[in-house]
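**Student:** Sequence:
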Amino acid sequence: MNILLITLLACLVVALPSASAQKVKWCVKSQNEMKKCQHLETKSSELECHLKSSVTECMTSIKTGEADAITVDGEHVYLAGLINYDLHPIIAENNKAVCSYAVAVVKSDTDFSINDLKGKTSCHSCYQSPGGWNIPIGRLVAQNKLPWDGPDDMPLEKAVSQFFSSSCIPGISKALYPHLCQACQGDCSCSQNEKYSGDEGALQCLKSGHGQVAFMCLDAIPPSERQNYQLLCMDGSRKIVEEYKDCYLAKELHHAVITRKDADSQHIYKVLKQISASDLFSSAAFGGKDLMFSDATTELIELPKSMDSFLYQREDYYEAMRALKAGNPPAPRQDGKIEWCTVGHAEQQKCDNLQIPSLECRRASSVEECIKKIMRKEADALAVDGGEVYIAGKCGLVPVMVEQSNQQSCNDGGEASSYYVVAVVRKGSGVTWNTLKGRKSCHTGLNRNAGWKVPDSAICGKTPGCTLYTYFSKGCAPGADPQSNMCELCKGSGKAVGDESKCKASSGEIYYGYDGAFRCLAEKTGEVAFIKHTIVGDYTDGKGPDWAKDLKSEDFELICPESPDTTVKHTEFDKCNLAKVPAHAVITREDARKDVVNIFLSSSLNSDKLFKSEGERNLLFSDTTKCLQETTQTLKEFLTQKYIDMIERTYETGQGAPGIQCVYDFLQYLINSSFIAMSCCFRLTK
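In mature numbering (1 follows the signal peptide of the UniProt record, and there is no 0), the protein residues as written are -21 to -1, 1 to 665.
Derived by calculation from the structure, the hints in this document are not laboratory data. One or more of the hints may lead you astray.
In the DSS-like style, the derived pairs of lysine-lysine whose C-alpha atoms are separated by at most 30 Å in a straight line are [as the list claims (entries may be wrong)]: (1) 174 x 186; (2) 252 x 2; (3) 548 x 453; (4) 224 x 573; (5) 304 x 31; (6) 42 x 548; (7) 352 x 31.
Bear in mind the structure is a predicted one, so any value in this text is a computation, not a measurement.
Turn these sequences into a full structure, and let the hints steer you where they fit.
**Tutor:** As C-alpha cells, then:
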C-alpha cells in the first residue's frame, strides 16, 4: 500500500506543471497590440497573448481566468476594483510624461473661487483626459460644486453645459453639445486642428480671454509666466502657482497592471522583467502608440501586496472617479451614528450585544482590514495599540479617544493612561536576558506595541542585521508570514486539521493578543512572552479564564536588559521593563471625530458591558479600561517622538508584516523618483 501511495504521489508531482512553467496570459484590445504582444512572446516563452475587443472585455476575461493581466489607466483601475470585477493593481508604470498635478488655473487679477464657477467660461485640455476632464469634473461633482444626480437624470456632459456659460472641451461631440465647443477656435477636436487643444491650448484659451478658468496639468504653465496666474483650491481659497502642492485637484495615476487577487503577481512581474525595456515600451514598429504600455514608461515598479484600487488611487481621485459614474454623493449622515469595526466573530458578537442605538457593527478579518475600511468610509472607528495608531496615522486617520485604566483619572481628567511592556518567563526555566537568543518566543501580534515593536527595539535596536525572526528559533506572532518561523508555534482555533485561523491576527488564533501570548508561555509552547505589565496579575491566582485557572502568579518572573543575568518578581515591572508606551486609542477619520467622541462620552453608556469581555479577553477594548478620554493631540504629540523613532527603526529593518505598513520612506522614494505619490501608507514588501 505504501509503495502504491508513493508511486501515485510521484506521478502527480511529475504530471502537475510547476508555477514557474505557467504562462502569463496577457489581454490585448487591438490588432496592433496583438502584433506587439506576439513579438514579446518571442522574448519570453512564459507570455501568451489573448485578444479581446475592449478594456472592459479584458477585465471580464481576467476575472474569469481566461486572461491574467492588462495595463489600464486610472479610470479603469477604479472600475477594476468594483465588486463586479474585483481586480487590483500589482505593477505601476514609472512614466515621467504623466501629468502629476491636475490644477484649476485662473488669471491673477480675478477674485473668484472654485465655489463661484457656475456661469463662468471654462477651458479644458481634452475631453476624458485626466487633467482636463476626469479629475476636475469628477472632483467638482464629488464635492457637490457641480450639480449632477447621475446618468439616470441626464448625461454628465449636459450637466456640465448647464453649469458653465460656455466652454472649450476639445474632443467632445460638437453636434450633441455645441455649448461645450463655443469657446474653441477650431474644429473642437483633440488634435492640432483645434487651437485650444491640449494643456498648452487650455492655457492659451485662458490667456486670450476665451475662458475664465483652465483645467489642465501644472507642468504646462511656463515658469516665466507663473506670476500671471493663480490656482483655485478645493477648500475655496486661492494660491500662487508655486504653492501647487497645497492647491491641486488631484494627481493623475500612472497606468497600472491589474490582475485577480488570487493570481501570482510576483510571477507576472518576473515575466515582464525578463523582457527588455526597449521591447516593452516602444510601439512605432507595430503601427500604433502606447501599445500594451505607455511609450514614455521608463520602468515597471512592483506594488505592495496589499495594494487595491482605492489605495492606489487615493481618496480624492477615487471619489472623483466614483462621481463621474454615479453623480453627487449622498449628503453626510446627520443622525450621529457610527460604524465600529470588529475583528473576528467574538468581537462582532460583543459589539452586537452592546445594543447601542447609535453604534452599528462592521466585521473585518484583521486590524489592517479595519484601517482600510475606515479609510474607505465603510466603517468609522476601532481601538488599537500604539503601533497600530502609528500605522493608522500614516494613513490619514487620527486618535480621538484614549483608554484610561485609572478610575481616579477618569473622575478628575488626569493624564492619559500608559503601560509597561515586559518580557515574562516561567520561574526556574533558566531563561535570562543574556540567554534569550535562540529561544522560543510568544508575541501579541506582528507590529503590535508590546508584542513586536518594543521587543524589537530592545533586542535588535543596536545590532545591525538583527531581526526577531533570526534572533528567536521559532515563535508565534499572529499576522506574520504563515510560512515563517514566527508562525510555527501558533495554534489557530485548536482544530487538528483544516484550521484557517492559525497565525491570523484575530481572536480566532488562540495565541493572539495579550492573553494569547501569555497563554503561549503558560502552556510551555514558548519560553518568553512579550506582554503588558498587568497581564500576569490579571490571569493568575484564580482571576483568569478556564485555561488559566490553575496558574499561580509566583510562577512567572520578568527579565530585562537592566538585569541581564537574573530574573525579578512580576510585580517589579516599574524597575524591570522594556519600555513605557501610550495606551490603546480609538482611531477614526477627522470628519467622523465629533460623532465618535459624542457616543463614547455619553452618560447613558454602560461601561461594565463596554469594557468587559465574556468568554475571551480584551474584545473591542482592553478589559482594564475604566473610561475613554478625549484627546486632541496630533499623532506626534500622542505617540511622542521617542516612540515614533522606535517604531520606524523596526520598519527600517524590514521586519513588518506583509500588507499594510505605513512607511513614509517608501512614499518619499516614489515622490523623489517622479513616480506617483500614491496612497497613504504602504511599503514595498516581498
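**Student:** Check whether the Cα positions of residue 174 and residue 186 lie no farther apart than 30 Å.
**Tutor:** Holds: residue 174 and residue 186 sit about 13 Å apart, inside 30 Å.
**Student:** Against the 30 Å threshold, does the CA-CA distance of residue 304 and residue 31 hold or violate the hint?
**Tutor:** The hint holds at about 24 Å.
**Student:** Quick one, are residue 42 and residue 548 close enough, alpha carbons at most 30 Å?
**Tutor:** violated, 58 Å
**Student:** If you draw a straight line from the CA of residue 252 to the CA of residue 2, is it 30 Å or shorter?
**Tutor:** holds, 14 Å
**Student:** When you check the alpha-carbon spacing of residue 548 and residue 453, does it fall within 30 Å?
**Tutor:** holds, 26 Å
**Student:** With a cut-off of 30 Å on the C-alpha distance, tell me whether residue 352 and residue 31 pass.
**Tutor:** The given pair, whose Cα atoms are some 34 Å apart, is violated under the 30 Å limit.
**Student:** Going straight from one Cα to the other, do residue 224 and residue 573 come out at no more than 30 Å?
**Tutor:** Holds: residue 224 and residue 573 sit about 28 Å apart, inside 30 Å.
Violation of the numbered hints given earlier is confined to hints 6, 7; the remaining hints are satisfied by the structure.
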